[in-house]
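Keeping the supplied structure of chain Z fixed, place chain E upon it in accordance with the hints.
The listed protein sequences correspond, in order, to chains Z and E.
Quick note: the first sequence uses the working numbering, first residue 1, plus one each step.
Quick note: the second sequence uses the working numbering, first residue 1001, plus one each step.
The hints are simulated quantities; they were obtained by calculation from the structure and are not laboratory data.
Watch out, some of these pointers could steer you wrong.
List of simulated lysine to any residue pairs, SDA-like, C-alpha gap at most 25 Å [as the list claims (entries may be wrong)]:
1. E/Lys1102 <-> Z/Asn84
2. E/Lys1166 <-> E/Ala1088
3. Z/Lys32 <-> E/Ala1088
4. E/Lys1102 <-> Z/Ala35
Residue-level listing of the chains:
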Amino acid sequence: MTLTAIIFAGILTYFTRMTMIALISRDMLGDKIKAVLEYVPSAVFPAIIFPGIFINDFGTFIEMNDPKIFGALVAVIVGYFSKNIIATISAGLVSYWFLIFFVFS
Amino acid sequence: MLTKKQLFTRGMLDISPHMLSVIPFGIICGAIGVELGFHPYLVYAMSFIIFGGASQIVFLQLLSGGASSLVAVASVGIINSRHLLYGAVLSEYLEKLSFIKKLLISYVVVDQGFAESNKFFKKNRSEEFLHYHLIGTGCTMWVCWQIATLSGIVLGSFVPEELGLKFAIPLTFIAIVVQDLKKLDHVIVMITCGLSSLLFFDAPFKSYIIISPIIALFVAALLLRLKK
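Here chain E stands alone, though its shape is the one from the complex:
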């Protein structure tokens, strides 16, 4: 049985490799916000209040492009609606927590944290303080994201644009799913999602980001039927 501190540290360690892509991306996000003409305080406020990577850039790009606040807010909501799926998966492991703790821990649920903690949870179901792993991944992400966006805001785009560091984001997610390529059913689900995301890329409010997972989960459900 691992202690709370050990689990927290394990969470930190499990997510830290992803900072290789998260930190440059955060710097870019901060710099873009200021370049688009928004007040630095507002750009930073987003990292604290929304705390949602790409959705922050989309939000500012929409507003600066003349979209209404309603459209910008709705887009953020839709882009981040994928967290509902993460929550549904995590709820099984967090159900013993008090309501207040659930409310608090929810703030730090992020893509990479969900991915790494979920992998850990599956292998260590019996641990009593499992949620400390999620707090570890989430807090590491939070601190790095705040520092990275702040540096981008203060220093501007000191990361040369020619490096194309945005490309690190798909790479970080490749690292997350790549081992599941061993399983044919997962490969089918991934390809379904990926192709759907390209097909629906122009759907309003960036909704491809939730439409394609839903289609892919339907395919997953069909596959489960066929397996039986």
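Same shape as in the complex, but just chain Z:
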């Protein structure tokens, strides 16, 4: 039963990936739409970033002094200047760990 649901979820997911790649041709998208699509990364990823920072595992807002906010800020600053993915992720994690293990504990 669960496997059937997984298969349906998989087919659905595959369709989300395939539809626009396989069924849309260049001419179907006008220049205006293409210009808007330039913003897709900026328009999509914050919907993963913001809840990942500001909403906890129980679906409620975190406190304004939550270490995740600080960790994210450090990651933004380090990422902006270093242009390095590993530096960005590690800086965010390390500053977050520093706060939860040494400051808040």
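Showing chain E alone in chain Z's frame:
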């Protein structure tokens, strides 16, 4: 002109830093599935059949929480509907491929792969075998995701929960968009999306994940108008 192999390797290299967050997250996903009481084979089957990070956890959490299969399947579909936007962006670069190749390559389109390949495509439009970069990012992600979720399933949550490694996921996406903070229009679009995602977080079926990008793209369209 780069060869297919060079492009594939370049794709692998471009996405590999993200594995720093993807691998711990995969381990957590696998471990959670087993902890929730699902059969290990089913938990692994998801990584192969759905191959969609957070949507896999949501799916199992909904089912174990007593939601119907229909709700769980619909939620996965909605969470993953953001791929439609990735596809729309990528279609421009993949249009020369045969239909079969398009069908095959679609399976490995993932968030980080899209982000890195799209950055590469923009700078290297003239390359003939561009899609090999996308295959490189996608396959790297696929292999790491399979290994990571499998390890989580077999070994359990050997990554200590106190480390809060789920936090690595927002960080990986910060690394992707952070350079666009230099552009005011992108900043406005990002803030619109981020605030909308918090505002609509409780919308049914996790639909905030597609509602907020749509709102943000509308704002982007308005900004483009103002620029002219």
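- Task: Starting from Z/Lys32, check that the Cα of E/Ala1088 is at most 25 Å away, please.
- Result: 13 Å, holds
- Query: Are the Cα positions of E/Lys1102 and Z/Ala35 separated by 25 Å at most?
  - Reply: 23 Å, holds
- Could you grab the alpha-carbon distance between E/Lys1166 and E/Ala1088 and see if it respects the 25 Å cut-off? 29 Å, violated
- Pair hint E/Lys1102 and Z/Asn84, alpha-carbon separation not exceeding 25 Å: 31 Å, violated
Checked against the numbered hints given earlier, this structure breaks hints 1 and 2; the rest are met.
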